[in-house]
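Trainee: With the hints as a guide, bring the two chains together.
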Amino acid sequence: MMRGVSKRIGSIKFSCVSPEETRKMSATKIITADTYDDDGFPIDMGLMDPHLGVIEPGLRCKTCGHKVDECPGHFGHIDLAMPVIHVGFIKDIKRLLQATCRSCGRVLLTEDQIDVYKSTVESVGEQGGGTIDFKLLTKETSKDASARPICPHCAAEQLKITLDKPTTFREDGHKLTPKEVRERLERIPDKDLMPLGIDPQTCRPEWMILTALSVPPVTVRPSITLDSGDRSEDDLTHKMVDVLRINQRLRENRDAGAPQLIVEDLWELLQYHVTTYFDNQTSGIPPARHRSGRPLKTLVQRLKGKEGRFRSNLSGKRVNFSARTVVSPDPMLSINEVGVPVAAARELTVPVHVNEHNIEVMRAMVASGPEPEGDYRPGVNYVIRSDGRKIRVTDRNAETVAEALEVDYTIERQLMDGDIVLFNRQPSLHRMSMMAHRVRVMDGKTFRLNLCVCPPYNADFDGDEMNLHVLQSDEARAEARIMMQVQENILSPRYGGPIIGSIHDHVTGVFYLTHRNPRFDREETLNILSKFQSRQVPEPIVEDGVEYWTGKMLFSLVLPSDFRATFKSSICQSCDHCKKEDCVYDAYVKIRQGKLLTGTLDSKAVGNSKGKILDRIARDYGSTRARQFIDQVTKLALGAIMNRGFTTGIDDEDIPDEAKLQIAEFNKTSIEKVSRLVGSFREGTLDQMPGRSLEETLEVEVMKVLGQARDEAGRIAGKHLGLENSAVVMAKSGARGSMLNLSQMAGCVGQQAVRGERLSRGYWDRTLPHFEKGDLGAEARGFVSNSYKSGLNATEFFFHSMGGREGLVDTAVRTSRSGYMQRRLISAMEDLKMMSDGTVRNTADTIIEFKYGEDGIDPARAIQGRAIDLEDVFVETLGDDAEMLTRVEEAPSGEDYATKEKDEMEFYEEAEGTEELDFGGDE
Amino acid sequence: MAKKDTIKALQRREIDEESIELLLGSFNSLGEIASATLNDLVELGFENEAAEGLMSKVKGRSSPRSSAPKVKKAAKEEKPPVQMSMVNKTRKLSDMEEHLQTMAEELELEIPLKIIVDIASRVKDADLPEAKLQEIIRSAERMFAAHKMDSNESAGIVAAQSIGEPGTQMTMRTFHYAGVAEINVTLGLPRLIEIVDARRVPSTPMMEVLLLPPASDEEQFARRVASEIEMTTLIDIAAIETDITNMRLRIIPDVRKMDQKAIPLEDVYERLNKLRPAKGLVQMGDYDIVVQSDEPSYRKLQLISDAIKNAKIKGIDGIRRAIIRRRGADGWVIFTEGSNLKEVLNVPMVDRSRTVTNSIQEIFEVLGIEAARNSIIKEAHHTLSEQGLNVDIRHIMLVADLMTNDGDVRAIGRHGISGKKSSVLARAAFEITSAHLLHAAIVGEVDNLDGVAENIIVGQPVTLGTGAVKLVYTPKGRKE
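Residue numbers (my numbering), protein chains in the order written: chain L, 3 to 925; chain S, 101 to 580.
Keep in mind that the hints were calculated from the coordinates and are not lab data. Careful: at least some of the hints might be erroneous.
[Unchecked claim] What the simulated footprint calls covered on chain L by chain S, stretch by stretch (three residues with Cβ under 8 Å from a Cβ of chain S suffice, anywhere in the stretch; the number is not a length):
#, segment
1, 132 to 141
2, 308 to 317
3, 491 to 504
4, 662 to 676
5, 796 to 806
6, 853 to 865
[As the list claims (entries may be wrong)] 25 Å max Cα-Cα, derived DSS-like pairs, lysine-lysine:
#, chain 1, residue 1, chain 2, residue 2
7, L, Lys15, S, Lys520
8, L, Lys137, L, Lys162
9, S, Lys192, L, Lys853
10, S, Lys570, L, Lys853
11, S, Lys520, L, Lys93
12, S, Lys400, S, Lys412
13, L, Lys96, L, Lys141
14, L, Lys775, L, Lys791
15, L, Lys137, S, Lys520
16, S, Lys478, L, Lys853
17, S, Lys520, L, Lys141
18, L, Lys15, L, Lys193
19, L, Lys582, L, Lys592
20, S, Lys248, L, Lys612
21, L, Lys582, S, Lys224
22, L, Lys145, S, Lys520
23, S, Lys414, S, Lys248
24, L, Lys853, S, Lys520
25, L, Lys581, L, Lys721
26, S, Lys379, S, Lys414
It should be emphasised that the depicted structure is a prediction, and the values quoted were computed from it without experimental measurement. Built from N, CA and C at the ideal position, the CB exists for glycine as well.
Isolated chain S, as found in the complex (with noise of 0.2 Å):
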């Protein structure tokens, strides 16, 4: 950190300047501070209260990005215990299900639950006996087994052929979302692309947004979400005239549209007189709204037509539209252009247990890592399956897996797993070559050849497949 980001933070902390100066003297950034203990300070010339209350500004806000000497400092400093605890979200299993499983442990076999609660499903009804149902569960265990992979398969290589080579035989166009031909949607390859890449913001974010009972079954209702949801500008709702010769904006609001949205003309007054620019310079008429300027100046005027032109009245950042379709079960259900899963979570009626985002960062930082992970295999076997490939969701699974491994969503590529590699010569054979092999030299790092890419540079067999059996079969000289 720059000293003078170091002032800004600490000044920041409402700590005066004085305190600042002497902290300085001795400390680089605030991470320091942070990590100084009372006694430090006290030697500096503080006074023992004025010194506690500095530690208590200095920590009670600690940087968010403090490096990671400071995450262990912190750690260190004792907090209660977290409570956790896992939600149990199986369904209870029905009397036949039940039966198959102690069934199956009872015989040792081991059959994963899926495959019994499908057998179950078919036998229900049939009334099998006993030793049928036994040989049944047998049967199903053996051919499982035998349907295992096996070990020192090289299922990553399988994985990544097994979704790249379909890429040639996708599209490029963006589509029109199934079902609301209104919202446009990245589909096919690009959308591949940038799943693996890991974008931050994909480039047709959208949101299907479920809705719980009353306003699931009630147009109106649904339609009112909808409107709270959908982020509404100034210019949506009313015209914007600019009286030049009294310097100031008029605002006629368009009262249907208005009326459409439900929001009342004082919900608009009070918007824009919080808005920067046009702060006290609002008045409100009887049916419109005037905005006076308070300097003789058009470049003001200007300044304060642009910001009050583009300014949110109600809505969710982000959400450009937000259009409700029936839907099956579901009901009224509100699709979006744009997505804000943090906020629309938070909108009443909302079923915030199935209303999903396609941006699988924002799923990372409202839901977590699994719900990621599971987003980026709902999200890339749809595209796939949409475009009539057939690929194996375990595939895909292994590829969000390895995305995801070390709690954090990373791109496919330079910037994520293959520039993180442990080994500087396939990191050389990837991508920017020199730098990896300079930055070896000086560190003096040690390539252990280990993995795939290595050893085909240094041309030996690799640790995959056939390649990873040590066993060696040596005849013996014959004895005459």
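Here chain L stands alone, though its shape is the one from the complex (with noise of 0.2 Å):
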């Protein structure tokens, strides 16, 4: 085990290698384009060459000598016959060839000149430039030297150099090879680089172009074996092998004399090949191929895009001592467990250090080997000796391996119950994506995790699944469970409410157990409660000789004693006059000294994201609190609602016979009234809206009518549909649901929308054959009367699936779109950090803001947006005489932006709500 501080890199220094350092570094000189004999073993100097490193387990490195994994590989060389241009500096290597002198080398620049562009270099340093300004600042520099027609130095004329991609450089049209290219550029001398932007320290500009080619290390392009016993080569080794081949072929056709022609054009295919080495996907060749046609995966190739090395092996990595499967729900484990299976649960082990202190625990536990028997223990898998050596436990040898159990030893532990682990679900869209649990193991082969923590990870139980992860080090659980764990991430940052908190049922059975203060008998109130012990039951009250408890009091038993609380409920109807205490609705709560006096709980006290009771708890008295007070809730909610039971079915929608007629009367007069106003348009008598055409006026006044038919049937539905039904109850406590779902079911499905207009593409001049040319009326162009109970008809069925289509494919653009966004969003802000100074900073020292958000409030501890909650501080420093100065707070009305307008506008957004589907779900 690593102990105390470890070193840390302070910097990396990026450089070109030079020709000569190549071949220094070079374990061996690589010449044949072979790889391995006959037999299978490979060839000496051949691209597969032993001093390059091992691949295969057994063998030694003949460079260093350590075996597979502990040889990191060697790298070779390969003189090339003839230079070649390296295909990543082309832009560089023709902006050097234009900006300096054809005959001296000297940069196109009077002196005067090179000490403005030095001393601007300085001044741009000074001013805490990045390297892309002094970028833009070169690349100015070489366009006014380019520009100079005659050389200040020798005065020698200075020809037009253009380059024809990808590696051909021209001179007034001659081409020059490769090898003149390096001539110019050796000439350029050192103290003329530095105003053209290059550091002649790290890099000479002629060893842009290659005159020996670094081979890598076969650990990097490592052969495989195939079943069949063949071997398969890896991309690069096969590119190395035809670089070698012409390579080859170019020295000798050189050295024998063959004609200028050949020789050119061996050396343009080396060019070639040496370029599809570094970059396969160069623009104006044909990319490399492997024989199956596929194209090679070259060095360039190996790097970039989001499988390249770079994001997805360095920016993020593997791990051992992690487990992923399926998640199901548990509501009798704390927000802070998560239940493990026992399979998983023996695979995946904790590090513990034997000391003289643990050390009869741990033989006993290393005795009982891999799968202790009985009630599940943590066995041990592995016991590591202090020299570093990792011994397997087994049945077998489980005896003997503990009798040779010493201190610092450490052994590799099961886990058990109460082991932290860190528990995530993709897309990690937010920290709360990744948090910490305390292990539960449990039978079954899912993750059980409680339902209130749903929210945070956008999880649900329709096959979703889960990762852990085991942390190894003490550092890393205690980070994890003061910073990680579920109950420290009640409070979301994004809006400083609670995002954990009770959902779906949990409402409901807290709903049910408030609303109008039900009232227990002795049997029930012990049901409720016995799902949650360590509670004594509170005095009943006493009536005629018959004892009661109500659902208030039961409810006050999880608040905390001194807690204080007065808002308005989800079911509150937001009357012109608020009664207040006298509510009609039992929408008014009030919770005086931990005692729920008045209202209904629902989602606006304990739900996620609005619970006001469970803000506060979780601000006011600590996550340990807050914690304890959901997992409360949930069971005295569970109890509450299985007291009483609790169902919702097609029979909830239900309503009258005469209602339905209402409906139907409305959705026809409403019809009507469509193609009354179609027909007004067909005669030119429709009133044109300033600003608009005569069909787009149509369109609005049509989409009003039928907006108000939808709303007047959900109206006639929603009055035969009161708090006595399940879904409705649902719907007003915010539970699940919402009142717009249940006038679709019960009254009319309404008018379905595809970019927020009437349906109207399909034939010519209408939607579907079953509906004259050019008929604008409301059924042929998508509206539905019916309700979804009722049963949609073959054409309102084909418009309701293209309104839901539509939003099946805006769900997948945006998706990819959003992740976009903020891959683009972290990579901007991932290095801005919030200092003592209480400025905001990037890790380049440069303040982004003087005071984080004005007033250096953490959004997770503020109160809605606001600093501090002014009601807690009437309260401590006034006590009940608070009262006097209490504002309860009112709904947001929609003041900013729009105002009073939006009303008229809500039937555009409530008839483009139609197709959203609203079932989370969406696998």
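Mentor: Following this line, the structure appears as structure tokens:
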């Protein structure tokens, strides 16, 4: 185990490798294009030379003598018969050729100008300019220099240099061979390179023309042995073979004095192979292909893109000690816990250092082997001796290994209850996508989690899988426990409210427990309370000799004893005049001294994102109390809902026949109204809206009429759907669904829209062949007058699918677009950090904000964005006198930007909401 | 600057050809000439006076995109020091606010003014004793301090996640602008992307032009201002007939429309007469305007016809449509499709202090970087809250502050902030990997491994959060 502080890499310098260096660091020169001989042994001075490292287990490296995994691999080199241009530097080579004299090699600037540029570089450096600023500066310098037609140093006339992509230079149309280019670059003196943005110490320009090519170690390009016994070489090896072959032929031809034409052709071919060896996607040349026709993956392809070395292997790393499986719910777990199946717990291990205090316990643990019998107990999979040797513990050797256990050994113990692990679900869009849980080893094969932690992970149980990581060091465990545990993440830093809270049935349960304060007899009370332990049953109220408990009383049990809050619950009707405590809907919540006095608790009280009680407890009573509260509310709510029983079905959308008739009637008149509008549009008597065409005016009017029709249907249906209806309870309490969903099920589905307009595409002048050409009526353009319950007819069903399809396409497009936006945001902002002086700076120490958010408040601790809650201040200082200063928060009306007119527009948005599939799960 | 450009630039400065040739013999660009001294020019063979004239011509309108060294030269020239003063836009504090403010100062408590104002608005009618007020202030300060962000917090990542995560929940459609059904606005994810991209022109530019009293109260005046703003082309107010036999175009004005826009026929005539292809060919009739082609060529006729059709008669470039609406306390307000802040602010009766556009770039150009920053915050916050997404404004502020940090509106992405990072590895890991690495090699760049991405790449702890703390506990060996 590593102890203490490891060394840090201070900085990394990038530079070019000179040909001499290439040769110097080379373990061997490569001359033959063949890899293995007939017996399957690598050929010396071939591409698989054993000097280049080992890939086969058992063999030793001929350079360093180490075995596989110990030998890092060694570079070789190829001496190129003729120099060749490095494609990556082609732009810089061009720049240099143009900016320097063709005869004396000096930069085409006067000495004065060079001084000016030098001083500018210095001043840019002083002003904190980065590499990019220098890059722009040198670009301009080169441009100025290349514009000069005559060398100020030797008065030679300059010719025009052009680049034939990808690698051919021409001077006034005459081809410049790489050799000539190299000679020119060699002539540039060191002192002239600085203004051109090149550091001669790290990169002499002539090094950009290759005379020797480094051959990467075999460990970089391992060959694989197929099942058939055949070897399959890496793409890079294939490419090197090509280079070697042509290089060989070029050398032979040149030495034999072959015609210039042939030599030049071969030279060009060599250039092609070297070019594609670096970058096989160079524009202007066909990519080199594998025998199968697949383009080769050469050096640049290995590095770039999502699957490249940088993003795939360096920015993200594969880990051990992790597990992945399906998740399923378990309301009896705490939000802090995660249920881990035994099979996974036996594989995942935690290292424990053996010392004189725990050696006996450890010895017993090792002795019980990797799979102790009986109830789950952690076994031991490995024992690591002080010299680093790892011993696998099996049933057979358990006893002996236990005997040999000494202080300073480390054992790898299996998971046990209470271990801290990280739990994660992709996509990891925010930090709450990875939180620390405590392990509970359980039967079964799935990870179990409390339902309240679904929202931060955005998890459901339709087959979602999640990952689990076991922490391996004490520091990591401490950090995870203090900062990453679920209870520390109840308040979201996004909006300063709880992101973990009661959902779905829990909200319904709490609603039933508190709405209109139901009474429970002893049996019911005990049933409800039996779900959570360690609480005394409160004193019952005795009335006429009958003892009973009220729901509000029971809920008060889970509140802190000095808790105080006042707010309106989500069933609030927003009456003009609030009757407060005497609210007829029981929507005015008042809690004093930890007792719920009036009001119904629902999503506004305990729900995620809105829960006011939750919000306050998490902020003022600490995360542990908040966790306890959520756990207890969950259990209480389940007790309450199970006491009553709760279900919803198709008959919840039953409405009386007369209401159905009314809706049908209204729909009919609306449809007639639409045809009248269409009629007046045809006759030209429709009043045109200012700034709109006649067609647009018609559409707006029709949408308005049909929107009203749907709303009216919803209203009529709503009249017959009261709070005795389970579906309505869910909608009103904020547990799930909305009244819009209900009115679509019971009343009328309404207008279908694509891109916010009525349906119009399909056939010529009509949506479907069932309608007349040019029919602009309601039915022909996607108005669905049926309800989901009554069932859609064929055309309606088709139109509904059109709307639904748009929603799906939208989601697909959106995820990729927003994913890229987030990647860019993260990349731009990852370096920003709050300093101890209250400023926000990036890691280059540039101040971005003098005071974070203008007040230095942590959004997670702010109260809905406000720095402090004045209510708390008054209560703290004035006690009960605070009542007089109390202001119950009103629901924020849409006061900003769009004002009253927003109501007029509502029907647009609702019409668009129609095709929003509100079922979350879209695996 | 290429030689050709330089010659052109000099010609534009009314320098005769002879001098140009002389100048180019020894100078490469306009900037160089501008930075040359009088003596340099005299040496080249100019008369003293001529040289001076040349200098003033060249320097008088120095090229706007002069490179860094030139800027430095220009800065050395003495300019009268610019008088800077700040307009105090804060309102006067009320008595109670004043009182609480001084109280906080006396108690040496650091409380933002906002909190003091909030407290004052609550307690002003309560008549609380002084001691209680003190207690309130103390308690408020204690809570304020408790809610502060911890140092070393990675504020940037939290902000990026807070804005990025709700992106998946946003819609992708354009909506009708709230209140003005006629105008479409891009909202939701595309708009948010547009904002962080710092696009020059938004996909649906739009303005809200507030008016000063007479116009804000009277519809007639408002309509008049709107017609000043809305761009009107000839085709909007007149029909054009092409008379091929006589090689002429007849423009028949639509009297009703012209009245509506208050354009007299003479104005149209004048406008058309200024148009290049039709110059001098326009004749005013009694009820119409005739444009007679001077060449018997159909091509020319077609050319004139095209030019005339889209000729601007009235209004401001870029404003395609202006609609007036009454809006609460603001009275009549003009909503426009298309945006041109600079010109609109010059229209009489427009309230310059409250007129806004959704084009961040325009705000930057007209009102400066701070205004652009506020505009980014406002637009992004509105885009998010309009979708019912709740994001703390501090996150958006951080994005806006980052984008406007160096006095220019920079995009979040390859061409903006990410592309300008100081670390090679961070840039390579983001986009265009190979180009960054190769360039780093020839320049000999050094990566100091300060940032997050670099440290992850080399596999060591990052310098944010717990990784920023350098305190280490070394247990002492126990002595028996």
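Trainee: Next, verify each hint and record whether it holds.
Mentor: Now the hints, each set against the structure:
{"no.": "1", "hint": "132 to 141", "result": "holds (count 6)"}
{"no.": "2", "hint": "308 to 317", "result": "holds (count 5)"}
{"no.": "3", "hint": "491 to 504", "result": "holds (count 5)"}
{"no.": "4", "hint": "662 to 676", "result": "violated (count 0)"}
{"no.": "5", "hint": "796 to 806", "result": "violated (count 0)"}
{"no.": "6", "hint": "853 to 865", "result": "holds (count 10)"}
{"no.": "7", "hint": "Lys15/L / Lys520/S", "result": "holds (18 Å)"}
{"no.": "8", "hint": "Lys137/L / Lys162/L", "result": "holds (23 Å)"}
{"no.": "9", "hint": "Lys192/S / Lys853/L", "result": "holds (24 Å)"}
{"no.": "10", "hint": "Lys570/S / Lys853/L", "result": "holds (24 Å)"}
{"no.": "11", "hint": "Lys520/S / Lys93/L", "result": "holds (20 Å)"}
{"no.": "12", "hint": "Lys400/S / Lys412/S", "result": "holds (20 Å)"}
{"no.": "13", "hint": "Lys96/L / Lys141/L", "result": "holds (12 Å)"}
{"no.": "14", "hint": "Lys775/L / Lys791/L", "result": "violated (31 Å)"}
{"no.": "15", "hint": "Lys137/L / Lys520/S", "result": "holds (11 Å)"}
{"no.": "16", "hint": "Lys478/S / Lys853/L", "result": "holds (19 Å)"}
{"no.": "17", "hint": "Lys520/S / Lys141/L", "result": "holds (16 Å)"}
{"no.": "18", "hint": "Lys15/L / Lys193/L", "result": "holds (21 Å)"}
{"no.": "19", "hint": "Lys582/L / Lys592/L", "result": "holds (9 Å)"}
{"no.": "20", "hint": "Lys248/S / Lys612/L", "result": "holds (22 Å)"}
{"no.": "21", "hint": "Lys582/L / Lys224/S", "result": "holds (24 Å)"}
{"no.": "22", "hint": "Lys145/L / Lys520/S", "result": "holds (22 Å)"}
{"no.": "23", "hint": "Lys414/S / Lys248/S", "result": "violated (55 Å)"}
{"no.": "24", "hint": "Lys853/L / Lys520/S", "result": "holds (24 Å)"}
{"no.": "25", "hint": "Lys581/L / Lys721/L", "result": "holds (23 Å)"}
{"no.": "26", "hint": "Lys379/S / Lys414/S", "result": "holds (18 Å)"}
Going down the numbered hints, you'll see the structure goes against 4, 5, 14 and 23, while the others check out.
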